[in-house]
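J.: Residue numbers (my numbering): 37 to 291.
Keep in mind that a hint or two might mislead.
Stated by the list, open to error - With a straight-line cut-off of 27 Å between C-alpha atoms, the simulated DSSO-like cross-links for lysine-lysine are:
(1) 48 x 84
(2) 55 x 189
(3) 215 x 106
(4) 247 x 257
(5) 55 x 171
(6) 48 x 234
(7) 234 x 168
(8) 127 x 164
(9) 215 x 164
(10) 185 x 215
(11) 215 x 234
(12) 201 x 266
(13) 164 x 189
(14) 215 x 134
(15) 106 x 171
(16) 81 x 55
(17) 127 x 201
(18) 106 x 81
(19) 84 x 106
(20) 185 x 127
(21) 168 x 201
(22) 134 x 171
(23) 215 x 257
(24) 215 x 171
(25) 134 x 106
(26) 163 x 257
(27) 262 x 247
Derived by calculation from the structure, the hints in this document are not laboratory data.
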Amino acid sequence: MDISGRPLAGKKILVTRPKNQAHSLVKLIEENGGIPLSFPIVSIKAMKNEAAVATLNQLSTFQWIVFTSKNAVDYFYRLINELGISLGVHKFAAVGEKTAEVLRHYGVTTIHVPNRYDASDLAETLKKHVSKNDKILFPKGNLAPSFLKEELKSTAVVEEMIVYKTEPEHNLDWSLISKTDCFFFMSPSAVSFMMEGKGISDYQNNMIYDKPIICVGPTTKTAAEKYGFKHVHMPSIFTAEEMVNCAISYFQGGR
C-alpha cells in the first residue's frame with residue numbers, strides 16, 4: 037500500500053492505550069499513513085470492594101450519576117449487573133461525547149454533556165442543573181482526580197465510588213521508545229507509568245524529550261509537561277480523532 041501521499045506517511049506513533057481500547061485510534065493513524073506502535077502501558081482491571089457494594093445498595097438515593105471516562109461507564113454497569121441491581125430514576129452526565137456514546141449503549145437516552153470535553157466544563161454544566169443538596173454518584177478509577185467533588189461540594193453531595201483500577205503494564209517492548217516519532221497519551225497515568233517504568237532509564241536523554249507529545253486533554257498535557265517534554269500538544273476538542281489531526285498539523289509544519 038502506497039502511503040507516501042498521506043499526512044502521517046511513515047511516522048511511527050507510540051499508542052499507550054490498552055490494546056482492547058486502541059483499535060479505533062490505530063485505524064485512524066493507519067488511514068493517515070502513520071505506523072502505530074503498540075505500547076499498552078496502562079492496564080485496567082475491575083475493582084469490586086465492600087464500599088462500592090454498600091454504595092450501590094443505596095443507589096436509589098442518588099439523583100445524579102456522573103461519568104468522566106468510558107471505562108467508568110463499562111465497569112459501573114458490569115458491577116451493577118453482577119450484583120443484580122437495577123437503576124431507578126436518575127439524571128446522567130458525561131464528560132464528553134465518547135463517554136455519552138457508551139452510556140447510550142446501555143440504554144441511557146438523556147445525558148448532559150459539556151461543550152468542551154473536560155472535567156472543569158462538566159462541573160460548570162452540573163452547577164447549572166443540579167439542585168441544592170442533590171446526591172451525585174461519581175463512579176471512577178482509583179487514579180481519577182477528585183476535581184468534581186471539590187468543585188461541587190458547595191452545591192451538592194458528591195460520593196465517589198471506585199469501580200476500576202489502573203495499573204502499569206510491565207511486559208512491554210521498551211525498545212519501541214527509541215523508534216518513536218511521536219507519543220500519544222490518553223491519560224496522566226499513561227505518562228507517569230511510562231516515565232517511571234523500569235525500562236525507561238535507557239531512553240531518558242534529550243532524544244525522548246525533543247519528540248512531540250500529543251495529549252488528549254489538559255490534565256494529561258500538564259502531566260507530560262511535568263516530566264520535561266518540550267513539545268507537548270493538545271487538540272481543542274478532546275477526542276482521538278482530533279489527536280490524530282493535531283499530529284498531522286505538527287508534522288505538516290503547524291508547530
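J.: Can the restraint linking residue 55 and residue 189 be considered satisfied, given a maximum Cα separation of 27 Å?
T.: With a Cα-Cα distance of about 36 Å, the restraint between residue 55 and residue 189 is violated, given a limit of 27 Å.
J.: Could you grab the alpha-carbon distance between residue 215 and residue 134 and see if it respects the 27 Å cut-off?
T.: violated (30 Å)
J.: Are residue 134 and residue 106 close enough, with their CA atoms no more than 27 Å apart?
T.: holds (7 Å)
J.: Given the hint that residue 127 pairs with residue 164, does the C-alpha gap stay at or below 27 Å?
T.: The given pair, whose Cα atoms are some 13 Å apart, holds under the 27 Å limit.
J.: Tell me if the straight-line CA distance from residue 168 to residue 201 falls inside 27 Å.
T.: Violated. Residue 168 to residue 201 sits at ~31 Å, over the 27 Å cutoff.
J.: Does residue 81 lie within 27 Å of residue 106 when you go C-alpha to C-alpha?
T.: holds (13 Å)
J.: Regarding the pair residue 48 and residue 234, is the alpha-carbon distance no greater than 27 Å?
T.: holds (22 Å)
J.: Hey, residue 127 versus residue 201, does the alpha-carbon distance stay inside 27 Å?
T.: holds (25 Å)
J.: Hey, residue 185 versus residue 215, does the alpha-carbon distance stay inside 27 Å?
T.: Since the Cα atoms of residue 185 and residue 215 sit roughly 41 Å apart, the hinted pair is violated (cutoff 27 Å).
J.: For the pair supplied as a hint, residue 48 and residue 84, confirm whether the alpha-carbon distance does not exceed 27 Å.
T.: violated (38 Å)
J.: Hinted pair, alpha-carbon criterion (27 Å max): residue 163, residue 257. Please report holds or violated.
T.: holds (26 Å)
J.: If you draw a straight line from the CA of residue 215 to the CA of residue 106, is it 27 Å or shorter?
T.: violated (30 Å)
In the structure shown, a violation is registered for the earlier hints numbered 1, 2, 3, 5, 7, 9, 10, 12, 14, 21, 24, in ascending order.
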